[in-house]
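Following the hints, put chain C in place on chain P, whose structure we already have.
From first to last, the protein sequence lines are chains P and C. Each number in the working numbering corresponds to the 1-based position in the first sequence with 2 added. Each number in the working numbering corresponds to the 1-based position in the second sequence with 28 added.
These are calculated hints, taken from the structure and not from any lab test. C-beta atoms are modelled at their ideal positions from N, C-alpha and C, and glycine is treated no differently. Take these hints with a grain of salt, some might be off.
Unchecked claim - Mimicking DSBU-like on lysine-lysine, the simulated pairs with C-alpha atoms at most 30 Å apart in a straight line are: (1) C/K90 <-> P/K54; (2) P/K97 <-> C/K90; (3) C/K90 <-> P/K5; (4) C/K55 <-> P/K71; (5) P/K71 <-> C/K90; (6) C/K72 <-> P/K54.
Unchecked claim - Here are a few chain P residues that face chain C, going by a calculated C-beta distance under 7 Å: (7) P46; (8) Y96; (9) K97; (10) F100.
As a plain string of letters, each chain reads:
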Amino acid sequence: DAKTTQPPSMDCAEGRAANLPCNHSTISGNEYVYWYRQIHSQGPQYIIHGLKNNETNEMASLIITEDRKSSTLILPHATLRDTAVYYCIVHNDYKLSFGAGTTVTVRA
Amino acid sequence: NAGVMQNPRHLVRRRGQEARLRCSPMKGHSHVYWYRQLPEEGLKFMVYLQKENIIDESGMPKERFSAEFPKEGPSILRIQQVVRGDSAAYFCASSPPRTPTEAFFGQGTRLTVV
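Just chain P, same shape as in the assembly (with noise of 0.2 Å):
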């Protein structure tokens, strides 16, 4: 079962920034939080992941508090193909527990 919680959905305006929020209270010492995305009818993609330090990538930035129990993906400047399914997934080995996600609806 997911250990994350997201809000269900979420709009954004083009060119703004997007941002994710994602609850992991019982997260251990040792997992890593991940997020992915999957577009309509197609396979989920690899955005950017983290332990506890902040990361940015070309595609976005991941935001975890000091404690680890939250972080935040953000989305510098959303795009209309940005519109998709966000997961939040916290693991340390190869099994990836998705939830329902965040639906992102980027609008013009």
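Same frame as chain P, now just chain C:
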């Protein structure tokens, strides 16, 4: 470097027939995972394989489903005597040998049982 390749992308089978879904992992990846996504639901883990070995099949239905990853060739997910409830999207993922947490997914096979 090609990504994870799955074929066919769409598969239609009549009830009682067999379905074979194929997955070629990314180059250099020796770990393969299969997930199933039922309509309007999240992805569920089915099985984890390394070359010629099933590591974890805890998510596989006990009957009619099997998976293999031979020494040569793609990984195969086989569903015998399909029923309407098997209609779903089946996704394969692969990862490198030393970082099993970093999985990359294929585009999936959409199985429709009529």
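Hints, one by one, checked against the model:
Restraint check for C/K90 and P/K54: the C-alpha separation of about 39 Å exceeds 30 Å, so the hint is violated. Between P/K97 and C/K90 the CA atoms are separated by roughly 19 Å; this keeps the pair inside 30 Å, and the hint holds. As the CA atoms of C/K90 and P/K5 are separated by approximately 26 Å, the hinted pair is consistent with the 30 Å bound. Taking the CA atoms of C/K55 and P/K71, the gap is about 36 Å. The hint is violated against a cut of 30 Å.
About 36 Å separates the Cα atoms of P/K71 and C/K90, which puts this hinted pair outside 30 Å; it is violated. Between the alpha carbons of C/K72 and P/K54 the distance comes to roughly 27 Å, so the proposed pair stays at or under 30 Å and holds. Proximity of P/P46 to chain C holds as hinted, the smallest CB-CB distance being about 5 Å (cut-off 7 Å). Using the Cβ-Cβ criterion of 7 Å, the hint placing P/Y96 at the interface with chain C is satisfied: the shortest such distance is roughly 4 Å.
Look at P/K97: its Cβ gets to within about 5 Å of chain C, closer than 7 Å, so that hint holds up. Taking 7 Å as the C-beta cut-off, the interface hint given for P/F100 holds, the closest approach to chain C being about 4 Å.
Checked against the numbered hints above, the structure violates hints 1, 4 and 5; every other hint is satisfied.
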